[in-house]
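**Q** Each chain is listed here by its residues.
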Amino acid sequence: MTTVTETPARTAAVEIQDISKVFGHGKGAVTAIDGMSVTVGTGEFLAIVGASGCGKSTLLSLVAGLEQPTTGSVDAGGHKVAMMFQEAALFPWLTVGANIEVPMKVNKVPRAERRKRVAELLDLVRLTGFDRKRPHELSGGMRQRVALARALAQDADVLLMDEPFGALDAMTRDILHDELERIWREKELTILFVTHNVREAVRLGDRVVLLSSRPGRVIDAFPVEGERPRRIDSVQIAEQAATITDRLREEVSRHA
Amino acid sequence: MPDTDVRDDRRRVRGLDALELQPRRGTGERSAAETAGRIWAATWPKLAAVALVLLAWQAVVWSGWRTEFVFPGPDRVLPTLFREITTPEFWEAVQVTMRRALTGFALALVVGVIIGIAVSQFKPLRVAIGSLITGLQTMPSIVWFPFAMLLYGISESAIMFVIVLGAAPSIAGGLTSGIDYVSPSLLRAGQVMGLRGVQRYTVLIIPAALPMFVTGLKQGWAFAWRSLMAGELLVIINQQNSIGWALSQARQLNDAERLLSYIIIVLVVGIVIDVFFNWADRALRRRWGITGS
Numbered sequence: 004m005t006t007v008t009e010t011p012a013r014t015a016a017v018e019i020q021d022i023s024k025v026f027g028h029g030k031g032a033v034t035a036i037d038g039m040s041v042t043v044g045t046g047e048f049l050a051i052v053g054a055s056g057c058g059k060s061t062l063l064s065l066v067a068g069l070e071q072p073t074t075g076s077v078d079a080g081g082h083k084v085a086m087m088f089q090e091a092a093l094f095p096w097l098t099v100g101a102n103i104e105v106p107m108k109v110n111k112v113p114r115a116e117r118r119k120r121v122a123e124l125l126d127l128v129r130l131t132g133f134d135r136k137r138p139h140e141l142s143g144g145m146r147q148r149v150a151l152a153r154a155l156a157q158d159a160d161v162l163l164m165d166e167p168f169g170a171l172d173a174m175t176r177d178i179l180h181d182e183l184e185r186i187w188r189e190k191e192l193t194i195l196f197v198t199h200n201v202r203e204a205v206r207l208g209d210r211v212v213l214l215s216s217r218p219g220r221v222i223d224a225f226p227v228e229g230e231r232p233r234r235i236d237s238v239q240i241a242e243q244a245a246t247i248t249d250r251l252r253e254e255v256s257r258h259a
Numbered sequence: 277m278p279d280t281d282v283r284d285d286r287r288r289v290r291g292l293d294a295l296e297l298q299p300r301r302g303t304g305e306r307s308a309a310e311t312a313g314r315i316w317a318a319t320w321p322k323l324a325a326v327a328l329v330l331l332a333w334q335a336v337v338w339s340g341w342r343t344e345f346v347f348p349g350p351d352r353v354l355p356t357l358f359r360e361i362t363t364p365e366f367w368e369a370v371q372v373t374m375r376r377a378l379t380g381f382a383l384a385l386v387v388g389v390i391i392g393i394a395v396s397q398f399k400p401l402r403v404a405i406g407s408l409i410t411g412l413q414t415m416p417s418i419v420w421f422p423f424a425m426l427l428y429g430i431s432e433s434a435i436m437f438v439i440v441l442g443a444a445p446s447i448a449g450g451l452t453s454g455i456d457y458v459s460p461s462l463l464r465a466g467q468v469m470g471l472r473g474v475q476r477y478t479v480l481i482i483p484a485a486l487p488m489f490v491t492g493l494k495q496g497w498a499f500a501w502r503s504l505m506a507g508e509l510l511v512i513i514n515q516q517n518s519i520g521w522a523l524s525q526a527r528q529l530n531d532a533e534r535l536l537s538y539i540i541i542v543l544v545v546g547i548v549i550d551v552f553f554n555w556a557d558r559a560l561r562r563r564w565g566i567t568g569s
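Those protein sequence lines, which keep their order, are chains L and E.
Residues 4 to 259 (this note's numbering) are what the first sequence spells out, left to right.
Residues 277 to 569 (this note's numbering) are what the second sequence spells out, left to right.
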């Protein structure tokens with residue numbers, strides 16, 4: 004290669020350039036996102052926080068390609084993108100193993116290979132031996148781990164997470180933070196993690212992006228300091244979270 | 277990271293899982309006595325109900341409201357019933373009737389599924405015939421018989437025609453509402469995983485719609501059975517033996533004992549099929565995790 008460009012610390016996995024998203028037409032039109040630009044580095048854990056109406060979920064839908072931006076562009080650079088939600092959304096009539104197989108069926112992975120991958124993924128989320136169970140036999144935290152395994156079964160390296168631990172109790176959430184961090188490292192994933200919980204964002208993110216509400220824009224980005232694994236109840240996290248929460252409060256009172 | 281850290285991690289997750297999974301209730305081995313107790317607890321109210329009905333029936337007979345010639349008591353009907361079910365003619369009649377019921381129901385199933393899928397796929401069609409389907413469900417199917425006999429003559433086809441008209445709307449309705457009420461979060465998960473086209477149906481929509489579809493089938497069966505009974509009474513084909521024919525025969529011969537016997541048969545068949553559908557419904561719901569049990 005003759006052209007030598009400056010090598011950034013990370014190559015971009017997802018480039019979100021000046022996007023806006025308007026729902027509806029005419030008088031009833033609602034602008035969910037207006038002029039948002041975010042670059043997510045490969046292997047980055049990006050946490051996105053904002054108050055209600057900041058277009059967090061819309062942003063993820065745009066990155067996942069479920070919807071198209073009204074203006075601007077989203078470039079995932081050929082990365083495969085998977086997504087998780089607040090509810091595990093497992094198919095209740097399938098066993099845990101069969102649920103994880105669904106995306107592989109879509110990708111026409113041969114049966115023997117699917118079985119092998121299911122065992123590996125269950126091991127990864129520490130649910131070995133649960134493949135014959137049905138979702139309703141599991142706890143909320145276990146279901147979210149199955150959902151994570153199912154998302155990883157898509158062979159995606161970009162993972163979008165829409166408040167995935169929002170419905171879990173504090174203890175479960177704490178342990179799942181450790182688990183997610185471990186899997187993120189092991190699988191070298193790029194994660195966009197949307198949450199309204201600032202501490203959770205600081206606990207997990209390499210960087211925390213703060214969004215404004217109605218319409219959603221990036222108002223600030225905070226690199227997170229501190230060695231991993233961090234503890235959600237550490238002083239360092241509390242201090243950084245306080246700074247971000249103050250900015251968030253400012254933003255919320257703007258709408259009074 | 278030291279090794280112990282990873283192990284601690286794993287133990288923590290396992291501990292949490294163990295705590296969160298509710299201890300199983302009632303899966304311990306059950307003794308024979310307990311099983312018998314359970315069966316008895318489920319059976320005795322039913323037996324009591326039967327006894328109560330028989331008693332009330334006998335009481336009316338004893339009151340002398342009608343002569344025993346037209347309104348015999350259980351003491352005379354039950355022996356007739358037992359004598360009847362040991363004759364080959366009886367089983368022939370049941371066979372003919374059940375064959376008609378199953379054929380008619382199968383036809384209604386095919387028609388109902390086709391209509392149901394068509395309606396759930398094409399919006400204009402839904403607007404056009406959606407309320408018509410609901411309307412048809414409320415129609416007493418016996419209304420169709422004169423027209424059916426005009427179309428098909430005195431034949432089995434006339435009966436089939438009415439069974440399909442009676443049962444297909446319920447089956448179609450069950451299917452469309454099943455498809456309509458697939459949980460949006462499951463649909464979104466399917467979309468994210470790239471489920472498309474036929475696979476979207478086989479992997480997601482059809483299994484998700486199944487419990488409501490079975491409810492539709494159950495209702496459809498009830499309508500099919502009623503239509504068939506009405507049909508066998510009205511459309512009597514070449515003296516062919518059937519439950520309906522036996523009923524009208526018994527009336528013509530003023531044989532109240534046989535008449536009541538066959539009414540009991542119709543009731544029993546209805547109950548048996550209903551039990552079957554309830555069992556299927558419950559098994560499905562348990563598997564789908566809809567009920568907590």
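Any given hint might turn out to be false.
Stated by the list, open to error - A short, non-exhaustive set of chain L residues, derived as facing chain E with CB atoms under 7 Å:
#	residue
1	Trp96
2	Gly100
3	Pro106
4	Lys111
5	Leu127
6	Arg129
Hints are computed from structural coordinates only; laboratory data are not their basis.
Glycine included, every Cβ here is placed at the ideal spot set by N, Cα and C.
**Q** Are the hints correct? Go through all of them and say.
**A** Comparing the hints with the structure gives:
{"no.": "1", "hint": "Trp96", "in the structure": "holds, 5 Å"}
{"no.": "2", "hint": "Gly100", "in the structure": "violated, 15 Å"}
{"no.": "3", "hint": "Pro106", "in the structure": "holds, 4 Å"}
{"no.": "4", "hint": "Lys111", "in the structure": "violated, 10 Å"}
{"no.": "5", "hint": "Leu127", "in the structure": "violated, 12 Å"}
{"no.": "6", "hint": "Arg129", "in the structure": "holds, 5 Å"}
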